[in-house]
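Chemist: Sequence:
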Amino acid sequence: MDELIIGGKKFTSRLMIGTGRNRTNEEMVAALEASGAQIVTVAIRRLDLSNPSAKNILDIIDWEKYTILPNTAGCKTAEEAIFTAKLGREVTDSNWVKLEVQPDPKSLLPDPIDTLRAAEALVKDGFVVLPYIHADPVLAKRLEEVGCATVMPLGSAIGTGQGIHTREEIQIIIENAKIPVVVDAGLGVPSDASQALELGASAVLINTGIALAKNPALMAEAFKLGVQAGRKAFLAGRIARKNGAEASSPIMGVPQMAARKN
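Sequence positions in the sequence shown follow my numbering and run 3 to 264.
Take the hints with a grain of salt, since some may be wrong.
[Said to hold, decoys possible] Keeping only pairs whose Cα atoms sit at most 25 Å apart, straight-line, the calculated PhoX-like set for lysine-lysine is:
1) K180 - K12
2) K126 - K180
3) K78 - K88
[Unchecked claim] Label pairs and their in silico Cβ distance ranges:
4) S55 - A235: 47 to 57 Å
5) L237 - S55: 47 to 57 Å
6) A249 - K108: 19 to 29 Å
7) E66 - N217: 21 to 31 Å
8) E66 - G163: 26 to 36 Å
9) D127 - N53: 21 to 31 Å
10) A238 - E81: 41 to 51 Å
11) G163 - E5: 21 to 31 Å
Everything labelled a hint here was simulated from the structure, so no lab data went into it.
Cβ coordinates follow ideal geometry from the N, Cα and C atoms, glycine included.
Can you build the whole structure from these sequences, using the hints too?
Modeler: This is the structure in structure tokens:
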């Protein structure tokens with residue numbers, strides 16, 4: 003079986019799902035079910051933990067079906083991310099964390115230096131760390147060396163739906179990585195996800211592309227199929243690109259028309 007292995011756990015789905023920006027909880031749950039995803043990420047800083055009696059995402063999703071991946075979205079420094087990761091571990095009883103450090107609220111681009119600092123500390127503290135990064139091959143290798151379970155390079159800016167603008171860099175990361183590479187952010191349609199898997203990425207994480215679709219459940223199913231198609235294409239092996247045309251049907255043995263006499 004073609005399994006995805008992260009932190010010693012085996013998964014059959016290569017589509018991870020985010021839980022932000024959903025219009026309703028009903029749409030979110032329906033999309034999760036349609037996606038076939040097994041890993042679901044939740045932003046710890048966006049949970050209302052001040053009121054224990056109030057329902058939040060943790061109460062709505064059936065965690066018997068999914069592996070929860072707490073994330074540190076909204077953290078601007080390594081220190082904030084480390085604190086939030088530890089809070090997430092207490093709240094969810096999970097030592098997994100999607101590490102996000104984003105000092106600029108406008109671009110939401112990840113801070114490479116503080117991401118590495120936080121990753122080192124969290125790995126030492128026993129976390130299974132999945133860091134969100136720019137598509138930086140050098141940083142990706144450094145994060146692998148400190149013990150991260152994956153690297154998660156962006157395809158384009160978060161929530162833009164622009165697809166993969168960092169193809170060459172992601173390709174280098176994939177070629178050099180000995181851990182799963184998960185393309186995260188900017189994927190807007192299933193063909194974007196398929197392209198990521200065709201490149202050799204181990205998985206993708208989708209949030210906005212599903213949550214803000216007109217029909218999130220249908221789009222989630224479409225992403226599931228796009229991921230499956232991309233993975234199959236990668237395993238099958240694409241043909242080499244050529245500069246010139248090459249006939250797909252040989253002419254050998256085909257009867258030729260006799261020359262017309264004048």
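Chemist: Which numbered hints does this structure break?
Modeler: 6
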